[in-house]
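Top to bottom, those sequences are chains A and B. With my numbering, letter number 264 in the first sequence gets 1723, and the count goes up by one each step, no holes. With my numbering, letter number 289 in the second sequence gets 638, and the count goes up by one each step, no holes.
These aren't lab readings, by the way, just hints derived from the structure by calculation. A quick note: this is a predicted structure, and the numbers were derived from the prediction, not measured. Incorrect hints may have been included.
What the hints assert, rightly or not - Calculated cross-link-like contacts (lysine to any residue; reagent style SDA-like; alpha-carbon spacing at most 20 Å):
| hint | chain 1 | residue 1 | chain 2 | residue 2 |
| --- | --- | --- | --- | --- |
| 1 | A | K1565 | B | K646 |
| 2 | B | K381 | B | P553 |
| 3 | A | K1565 | B | E552 |
| 4 | A | K1565 | B | V550 |
| 5 | A | K1538 | A | Q1564 |
| 6 | A | K1565 | A | A1658 |
| 7 | B | K646 | B | L667 |
| 8 | A | K1645 | A | R1557 |
| 9 | A | K1565 | B | K381 |
| 10 | B | K389 | B | N551 |
| 11 | A | K1565 | A | D1683 |
| 12 | A | K1645 | A | N1674 |
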Amino acid sequence: MNQPRGNDHAALTASRPGAGHPALATESLTRHFGGLTAVNQVSIQCHSGQIHAVIGPNGAGKSTLINLLSGELVPSSGKVLLDGEDVTAQDPAQRSQRGLGRSYQKTNIFAPLSVFENCRLAAQSRAGSSMRFFRPATSNREINQRALAALVATGLEAASECIVATLSHGAQRQVEIAMTLATAPKVLLLDEPLAGMGAEESAQVVALLNRLRGNHAILLIEHDMDAVFALADRLTVMVNGNVLESGAPDAIRASPAVQAAYLGVDEITHG
Amino acid sequence: MSPRPPNRHRLAHWIPVLVVIGLTLLPWITDKFYVQFVAKMMIMGIFAMSLDLLLGHAGLVSFGHAAFYGIGAYALALMTPAYQAANFWLSLAAAIGLSGLAALIIGFFVVRTHGIYFIMVTLAFAQMLFFVFHDTRIAGGTDGIFIDIRPDASLSGWVPFDLENFVHVYFVALACFALVYVLLRVLLRSPFGHVISGIRVNEPRMRSLGYRTFGYKLVCFSIGGAIAGIAGYLSALQFGVVNPEFLGWHLSAAVMMMVILGGMGTVAGPILGASVWMVLELGLQDLPTVAGVDLGKHWQLWMGSFIVLASLWLPNGLLGLLSTWRAAFGARTSQTGGQVLRPDGSTVPADYPGASTGASIASVTPLASVEARQAGNE
Ligand SMILES: Nc1ncnc2c1ncn2[C@@H]1O[C@H](COP(=O)(O)OP(=O)(O)OP(=O)(O)O)[C@@H](O)[C@H]1O
Ligand SMILES: [Mg+2]
């Protein structure tokens, strides 16, 4: 068992001035798909050092929200703010360069490449322009170390040379997270990171998120309620594109409206 | 490390060197016909490599690549004054510059499109250029232009080679061929090369990792165009004639088939594809008349059949076939039977789920491989 040591992922973390603004915030974010309003007037905040979990039934608009935050979808109205600055007009690459990292609900990685190369490419994106044509890509020690740190943090370093397509589904989910970490994000948007993982892998990721929370702002979408209540500092419940309720986990757990709309009573009491 | 699985055999490292030695000796062991034939083969090899940079490495299925080949060729033709020689160095630089610039301009529009639209738009641009040269008199119209006097390579009085001599033309082609090969090898290993591979595999993910992919694709398209321009230039130089066919879609299609035949996404594959293509073309045209049917006259029929069979049976091209054979004879391969080979020669199960369940496997140099790689690249 390779438990990552504390200093291994120090390289993953960019220092962040405490500017007073939330690391990530939205103002009345709305997105229509034809007649459907997938995300309706959502205003949420995510502070560094906190895990903000967003839960809700299937089709609630959680993934759409993440796509709006990352820039892959353009909002119909509303704003996205990073460190207090309006980034609504920026594309995904620009937002990524500003410190936003995301993972996908449906695994979205480089299947024919090795685990290491997946993370190395992610890390290379932080090393300035890649319009460099002569020295070998793999000769950059700093990039290699950053990629390796992400592999160690996710417990993948032994599979480093494996081709991603040959890995189990659970391991591919870990690669998904490792790649996101290798870009040294300040804000992490994680779309159901535990989906498809075994119990042991899940526990590893929960432990990882607990370590990362110290110096990241994390927006976590997750259906696994045990994990959500174990991790979240703040909880937002979405239903049909709307924010039903937002607050401390205990308050949400006790909310009758939330219980009626989404949470099974069993799940809450076991949480 | 290349983005593809390591698939190296010690002998394989020496093949390019042996090929260059063989090519260098060729003019002493054969006659003019074959020297010119092999020069043309190398020129098509350059052209095919340039297309494969787009097709196999960046995933840009350009169906108008002959446009840049044609521009390189016309650059020489138009820079050659009547009854005088052009300056070799200047005209070569102009050919590279103009075809690269044309690719930059065309790429600015086409690189935004994807899939079938990309294919269509690259074809449309190439056809536009074709008709500019075909329908106007700026460059001889359908007849094209003859280059009666070969370019002059003298450098302030010193004449390094004489391009009226076919052997010298051969060596210029060989030098360009070797240079382009090395250049592409280096380029594909560079940060830029890894980025274009990433774009081929999963462009949206590259964007969300922070890469603005448009610029990388555009630069790649321009480099591909500029290298195709070298091939076109050399072709005009060798045969002393340029006509609109140099820009035509027939040639775009032929070079694409050479790349696919040889093996996309490799550097050597397109060279192999171009060579086999040209040998077949030559051989099939020489077929005898059997029972009153001139088989050689219908060579395109046999070539077509060969391409169809090759695409059915060789999904990874001729080079893919060679590596399959090599694997079968026990050479090191990266993936065999659900096992994944690691650089230290050990294998791990392909479905190895990470460190969580694999303490025993984790002990097989998990970090050493990375450190060794770093050390090796210092
Ligand atoms: N690109 C799209 N075009 C049209 N409708 C879409 C699109 N993306 C999402 N939707 C719709 O928007 C709604 C919200 O979808 P979304 O994927 O955000 O839900 P979710 O909360 O992530 O659900 P799940 O828990 O199943 O992942 C759904 O009704 C979905 O069908
Ligand atoms: Mg979702």
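Hints and how they fare:
1. Straight-line distance between C-alpha atoms of K1565(A) and K646(B) comes to about 55 Å, which puts the hinted pair past the 20 Å bound.
2. Taking the CA atoms of K381(B) and P553(B), the gap is near 52 Å; set against the 20 Å cutoff, the hint is violated.
3. Annotation: proposed proximity of K1565(A) to E552(B) holds, straight-line Cα distance about 16 Å (limit 20 Å).
4. Simply put, K1565(A) and V550(B) have alpha-carbon atoms about 16 Å apart, close enough for the 20 Å limit, and the pair holds.
5. In summary, the hint linking K1538(A) to Q1564(A) is not supported, as the alpha carbons are separated by about 23 Å, beyond the 20 Å threshold.
6. Taking the CA atoms of K1565(A) and A1658(A), the gap is near 19 Å; set against the 20 Å cutoff, the hint holds.
7. Proposed proximity of K646(B) and L667(B) is contradicted: the alpha carbons are some 26 Å apart, above 20 Å.
8. A distance of roughly 8 Å separates the Cα atoms of K1645(A) and R1557(A); the hinted pair therefore holds under the 20 Å criterion.
9. At roughly 60 Å between alpha-carbon atoms, K1565(A) and K381(B) are farther apart than 20 Å, so this suggested pair is violated.
10. Annotation: proposed proximity of K389(B) to N551(B) is violated, straight-line Cα distance about 36 Å (limit 20 Å).
11. Note on K1565(A) and D1683(A): the hinted pairing holds, with a Cα-Cα distance of about 16 Å set against a maximum of 20 Å.
12. Distance restraint check for K1645(A) and N1674(A): the Cα-Cα separation of roughly 7 Å lies within the 20 Å cut-off, and the hinted pair is therefore satisfied.
Going through the hint list in order, the structure does not satisfy hints 1, 2, 5, 7, 9, 10.
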